[in-house]
Amino acid sequence: MNEESLRPVARSLLRSYQVRIARSRDLAEALARGTLSSWSDKDLIFNEGDPSKAVEVVLKGKVRVLKRDASGNNKELAVLNSPAMIGHMGMVDGSMRSASCIAVGSVGCISIDQETFRELLGETSNPGAAFRHLILSSLSMQLTTANNKIRHLIDDMESEKRREKVSLEDAVAQTQQESDDSDGESSAIRLMKIAGVLDGWKMDSEGIDDIEFVVDEDMKRTREARKKRG
Amino acid sequence: MPMRGLGVLTTERVRNTMVIRELSKLHMFKKVPKSDLARLTELSTASNYGIGDCICRQGEQATNAMLLVSGRLEVSIQTDSSVKHIGVIHPGEIFGEQGLFHSKGKRNATVLANRPSQCLTLTPDIMRLSHDNEAIGALERHLIATMARRIRSTNKAIQLVWKDAQQEEDRKNAKKVNDNSSQEEKSGSILTKLRSLFGGK
Numbered sequence: 000m001n002e003e004s005l006r007p008v009a010r011s012l013l014r015s016y017q018v019r020i021a022r023s024r025d026l027a028e029a030l031a032r033g034t035l036s037s038w039s040d041k042d043l044i045f046n047e048g049d050p051s052k053a054v055e056v057v058l059k060g061k062v063r064v065l066k067r068d069a070s071g072n073n074k075e076l077a078v079l080n081s082p083a084m085i086g087h088m089g090m091v092d093g094s095m096r097s098a099s100c101i102a103v104g105s106v107g108c109i110s111i112d113q114e115t116f117r118e119l120l121g122e123t124s125n126p127g128a129a130f131r132h133l134i135l136s137s138l139s140m141q142l143t144t145a146n147n148k149i150r151h152l153i154d155d156m157e158s159e160k161r162r163e164k165v166s167l168e169d170a171v172a173q174t175q176q177e178s179d180d181s182d183g184e185s186s187a188i189r190l191m192k193i194a195g196v197l198d199g200w201k202m203d204s205e206g207i208d209d210i211e212f213v214v215d216e217d218m219k220r221t222r223e224a225r226k227k228r229g
Numbered sequence: 000m001p002m003r004g005l006g007v008l009t010t011e012r013v014r015n016t017m018v019i020r021e022l023s024k025l026h027m028f029k030k031v032p033k034s035d036l037a038r039l040t041e042l043s044t045a046s047n048y049g050i051g052d053c054i055c056r057q058g059e060q061a062t063n064a065m066l067l068v069s070g071r072l073e074v075s076i077q078t079d080s081s082v083k084h085i086g087v088i089h090p091g092e093i094f095g096e097q098g099l100f101h102s103k104g105k106r107n108a109t110v111l112a113n114r115p116s117q118c119l120t121l122t123p124d125i126m127r128l129s130h131d132n133e134a135i136g137a138l139e140r141h142l143i144a145t146m147a148r149r150i151r152s153t154n155k156a157i158q159l160v161w162k163d164a165q166q167e168e169d170r171k172n173a174k175k176v177n178d179n180s181s182q183e184e185k186s187g188s189i190l191t192k193l194r195s196l197f198g199g200k
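Which chain is which? The protein sequence lines are A and B, in order. Going by numbering that gives the first Met the number 0, the first sequence opens with residue 0, and the numbers climb by one from there. Going by numbering that gives the first Met the number 0, the second sequence opens with residue 0, and the numbers climb by one from there.
Be aware that a few hints might be false.
Claimed, not checked - The following label-pair restraints were derived from C-beta to C-beta distances: (1) A:S158 <-> B:K29: 45 to 55 angstroms; (2) B:E59 <-> A:E47: 38 to 48 angstroms; (3) B:I85 <-> A:N147: 15 to 25 angstroms; (4) A:R14 <-> B:I85: 28 to 38 angstroms; (5) A:H151 <-> B:K30: 27 to 37 angstroms; (6) B:K29 <-> A:D112: 23 to 33 angstroms.
FYI, nobody ran anything at the bench for these hints, they're computed from the structure. In this text, a Cβ means the ideal position worked out from N, Cα and C, and glycines have one as well.
Just need the whole structure built from these sequences, with the hints factored in.
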């Protein structure tokens with residue numbers, strides 16, 4: 000795929016992974032080194048426990064992420080919209096796939112294999128730097144989102160304990176007010192989702208709205224040029 | 000006056016040369032040219048700490064990351080009633096890296112020097128130059144590995160607590176008994192584990 004056609008995807012990726020310092024043209028150049036692959040509805044993109052062979056950058060369609068719980072049942076962790084990056088954790092540390100991914104509708108991806116991934120991480124070049132910054136921002140989001148969710152869980156459990164001490168009637172009233180964050184999910188489900196966030200399977204940015212957006216320097220320059228032109 | 004200015008310049012140059020020497024001993028910079036290390040040293044600030052000095056405190060605003068060049072540091076977190084030591088930082092390790100990505104982030108732990116130590120302060124601006132500086136590229140690769148390790152260890156801790164929570168829930172479902180006392184026991188034990196792993200009120 001040519002770099003120019005990948006510019007919009009690169010720009011969206013930089014925005015959704017809140018990359019502070021990278022240009023979309025550099026990231027597009029990095030992505031162009033991958034190969035195109037496609038899946039039909041309900042196709043298995045990869046299975047939990049498989050060796051990690053590539054990072055998939057979802058260009059088109061949706062991907063359903065499933066993880067086995069302690070009883071061996073598949074639980075849905077997230078449905079990811081394009082553009083999204085999946086499977087990068089295994090590439091970073093050589094671990095196996097920590098969840099299964101299934102295509103929802105027709106899905107198009109750019110696969111960046113191990114060799115290209117290593118090359119990009121090791122390069123002293125603009126595409127290399129943009130790709131490293133994408134990975135770094137993703138890892139940072141994973142850690143921050145998980146930490147925030149753990150903190151919410153601890154706070155909710157503290158409230159739950161306090162509620163147990165008040166009368167049943169008061170407790171019911173309080174539950175209606177305080178359980179908004181958990182959406183009625185059990186601690187086990189919430190912990191499973193936190194584990195999913197850590198693995199990079201759910202990129203919602205809940206609780207990290209304090210990230211400074213610089214996003215795309217190309218866009219910034221275009222905006223500045225437009226302003227100058229009046 | 001000119002002589003004094005020259006003196007400051009020479010002191011700075013000597014200090015930078017010593018920092019470069021220490022940096023080149025670190026594994027991540029083994030293949031990095033000295034000129035790139037010199038540029039990294041110019042762009043960052045080296046600070047020295049004595050035993051017991053505080054490098055950063057839990058709850059403080061985080062605007063940068065630190066690289067321990069030499070010495071040894073101790074990491075602790077404040078829980079509801081006590082201070083818990085959670086690890087030691089060795090030369091070549093980066094800490095406080097969330098400060099590179101979040102403009103209003105806070106320090107999650109307190110870091111004290113337990114040996115005379117030297118740290119390099121890394122600001123987000125340094126990363127803008129990683130496309131033509133091998134030292135900064137090496138630093139970023141090291142950061143990726145560090146964060147991946149941190150994610151894995153947090154995940155491991157979460158998986159353990161999750162497993163316990165799952166088993167408790169399965170047990171409860173099997174019995175189909177809505178017993179208030181067992182519920183209290185469940186949330187209490189999971190909460191205690193989470194607190195001991197991640198701190199809390």
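Hints, verified against the model:
1. In this structure the supplied range 45 to 55 angstroms holds for S158 of chain A paired with K29 of chain B, their Cβ-Cβ distance being about 51 angstroms.
2. Range check, E59 of chain B to E47 of chain A: about 40 angstroms between beta-carbon atoms, so the 38 to 48 angstroms window is met.
3. Checking the proposed 15 to 25 angstroms range against I85 of chain B and N147 of chain A shows it holds: the Cβ atoms sit about 19 angstroms from each other.
4. A hinted range of 28 to 38 angstroms holds for the C-beta pair R14 of chain A and I85 of chain B, which are about 34 angstroms apart.
5. Remark: the range hint 27 to 37 angstroms for H151 of chain A to K30 of chain B is contradicted by a beta-carbon distance near 43 angstroms.
6. A C-beta distance of roughly 27 angstroms is found between K29 of chain B and D112 of chain A, which places it inside the suggested range of 23 to 33 angstroms.
Hint 5 alone, counting from the list given before, is not met by this structure.
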